[in-house]
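Protein chains in written order, with the working numbering: chain A, 365 to 518; chain B, 38 to 218.
Think of the hints as simulated: they come from the structure by calculation, not from any bench.
The structure presented is a predicted model; accordingly, all values stated were derived computationally and were not measured.
All C-beta atoms in this analysis are idealised placements derived from N, C-alpha and C, irrespective of residue type, glycine included.
Worth double-checking, as some hints may not be accurate.
Said to hold, decoys possible - One side of the interface only, derived from the structure: several residues of chain B facing chain A at Cβ under 10 Å:
1) E72
2) G74
3) E93
4) M128
5) V130
6) Q143
7) M171
8) I175
9) L193
10) T196
Claimed, not checked - If the Cβ cut is set under 8 Å, some of the chain A residues that face chain B in the computed set are:
11) V416
12) E502
13) P518
Said to hold, decoys possible - Distance windows between CB atoms, simulated:
14) B:P197 x A:Q373: 42 to 50 Å
15) A:G397 x B:D185: 22 to 30 Å
16) A:D386 x B:D135: 45 to 53 Å
17) A:E481 x B:D132: 22 to 30 Å
18) A:Q490 x B:R147: 35 to 43 Å
19) B:R147 x A:H413: 32 to 40 Å
20) B:A61 x A:E424: 31 to 39 Å
21) A:D386 x B:K73: 32 to 40 Å
22) A:P454 x B:T196: 34 to 42 Å
23) B:D132 x A:E400: 51 to 59 Å
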Amino acid sequence: MQLDATDRQLIDLYQRDLPVCDRPFLEVSRQLGITEEEVIGRLQSLQDHQVVSRVGPVFEHSRAGASLLAAVAAPEQQLDLVAARINRAPGVNHNYAREHTYNLWFVMTAPDETVLEERLDELEQQLRLPMLRLPMVEGYHIDLGFEIDWEALP
Amino acid sequence: MILSPSPEYLAIAPEAPGGGPVSAWGLLRLRRELEKGLPLTPKPYQTLAERSGLTEDEVMAAVRQWQAQGLIKRLGLVVKHRTLGYTANAMVVWDIPDDQVHAIGQAMTRMPFVTLCYQRPRRLPDWPYNLFCMIHGIDRPRVLAQLDRLIADQGLQHTPHAVLFSTKAYRQRGACYVGRH
Chain A
365 MQLDATDRQL
375 IDLYQRDLPV
385 CDRPFLEVSR
395 QLGITEEEVI
405 GRLQSLQDHQ
415 VVSRVGPVFE
425 HSRAGASLLA
435 AVAAPEQQLD
445 LVAARINRAP
455 GVNHNYAREH
465 TYNLWFVMTA
475 PDETVLEERL
485 DELEQQLRLP
495 MLRLPMVEGY
505 HIDLGFEIDW
515 EALP
Chain B
38 MILSPSPEYL
48 AIAPEAPGGG
58 PVSAWGLLRL
68 RRELEKGLPL
78 TPKPYQTLAE
88 RSGLTEDEVM
98 AAVRQWQAQG
108 LIKRLGLVVK
118 HRTLGYTANA
128 MVVWDIPDDQ
138 VHAIGQAMTR
148 MPFVTLCYQR
158 PRRLPDWPYN
168 LFCMIHGIDR
178 PRVLAQLDRL
188 IADQGLQHTP
198 HAVLFSTKAY
208 RQRGACYVGR
218 H
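This is chain A alone, in the form it adopts within the complex:
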């Protein structure tokens, strides 16, 4: 998807602080000098093209339930298979292949610690692979709403 200046402006201005009022997109449209309908249309299009995953709140993880980063070392030729199994487990919201002996990294979430441990135990048994469980001890900077460097993008 080709982003024009207005799309970029939408992203630059509203990764945070989208107004909470009865017509938020009307507020946004006044800021950008376009119509409310166009704002909604553009947001829908950005969403449809996977430029944004959603428009809405980002919850503070440590206070919004339990979550944990885990990793397994999967045989290289079974990477896709193991990744698919991990994705089928309840509560998995991130799952990446990375270059390391521990080559699959995922985040498991659950409503509370007990359910989280149960889910991980079950998955570990199912995969028959040793699992690293790496809960967060302290977060120093957890915000993916960083400014986009449009100039540097290809």
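Model the placement of chain B on the given structure of chain A, informed by the hints.
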């Protein structure tokens, strides 16, 4: 299965003085709806209200209160960096002496390209690293150059570390804490 988030989500002050308490079930449904994002309608909070069995005012009051409490960190467009062209994503893990990890973790966040930074437990002997930081970058050479800057800036030339570039995203989505996912 009844799942409940922490009770702080459920204590929303009534909008109007003397108004009744806000339905806890409604708030739970709202919480679940919000994880999917705002509906892209002219009156998204009204739409959310209809879906969760609350009034529009109750929905906006709940969102504002969760923001004020820090339960909502930010509200807006959640960008998928990979689609935009941020294709290099390095998780850099460090083995930092325990008494320095807090200070170094905080210092790392001052580098503008460090997007996430966490302290996590070591799992010896398999995993000696206790500090994680993430660099979301446009390509590998740039990310490695940023890492060099980080190492120089923090004096980490002799600190054991590993760079784990991601090669494939099998899943990347917002967290679903409430509900049966």
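Against the structure, the hints:
With its C-beta approaching chain A no nearer than about 7 Å, B:E72 sits inside the 10 Å limit, and its interface hint holds. At about 3 Å, the closest approach between the beta carbon of B:G74 and any beta carbon in chain A falls short of 10 Å, and the interface hint on this residue holds. For the restraint placing B:E93 at the interface with chain A, the shortest Cβ-Cβ distance is roughly 6 Å, inside the 10 Å limit, so the hint holds. The restraint placing B:M128 at the interface with chain A holds, with a minimum CB-CB distance near 6 Å, inside the 10 Å limit.
The beta carbon of B:V130 is positioned within 10 Å of a beta carbon in chain A (closest approach about 9 Å), and the interface hint is therefore held. Interface hint at B:Q143: satisfied, since its Cβ lies 5 Å from the closest Cβ of chain A, which is below the 10 Å cut-off. Hint on B:M171 holds. Least Cβ distance to chain A is approximately 9 Å, under the 10 Å limit. Given the 10 Å rule on beta carbons, the hint for B:I175 holds: about 5 Å separates it from the nearest Cβ of chain A.
For the restraint placing B:L193 at the interface with chain A, the shortest Cβ-Cβ distance is roughly 15 Å, beyond the 10 Å limit, so the hint is violated. At about 16 Å, the closest approach between the beta carbon of B:T196 and any beta carbon in chain A exceeds 10 Å, and the interface hint on this residue is violated. For A:V416, the suggested interface contact is upheld, since its CB lies about 5 Å from the closest CB of chain B, less than 8 Å. A hinted interface residue such as A:E502 counts as satisfied when its beta carbon comes closer than 8 Å to some beta carbon of chain B; here the least separation is about 4 Å, so the hint holds.
Interface hint status for A:P518: upheld, as the beta-carbon distance to the closest one in chain B is roughly 5 Å, under 8 Å. The given range of 42 to 50 Å is respected by B:P197 and A:Q373, whose C-beta atoms sit roughly 43 Å from each other. Our hint of 22 to 30 Å for A:G397 and B:D185 is violated, since their Cβ atoms are close to 42 Å apart. Between A:D386 and B:D135 the C-beta distance comes to about 51 Å, which sits within the given range of 45 to 53 Å.
In this structure the supplied range 22 to 30 Å holds for A:E481 paired with B:D132, their Cβ-Cβ distance being about 26 Å. Between A:Q490 and B:R147 the CB atoms are about 42 Å apart, so this pair conforms to the stated range of 35 to 43 Å. The hinted window of 32 to 40 Å between B:R147 and A:H413 holds, with their beta carbons roughly 34 Å apart. For the pair B:A61 and A:E424, the beta carbons lie near 20 Å from each other, so the given range of 31 to 39 Å is not met.
Between A:D386 and B:K73 the CB atoms are about 20 Å apart, so this pair departs from the stated range of 32 to 40 Å. The hinted range of 34 to 42 Å is satisfied by A:P454 and B:T196, whose Cβ atoms lie roughly 37 Å apart. Taking 51 to 59 Å as the suggested C-beta distance range, the pair B:D132 and A:E400 conforms, at roughly 52 Å.
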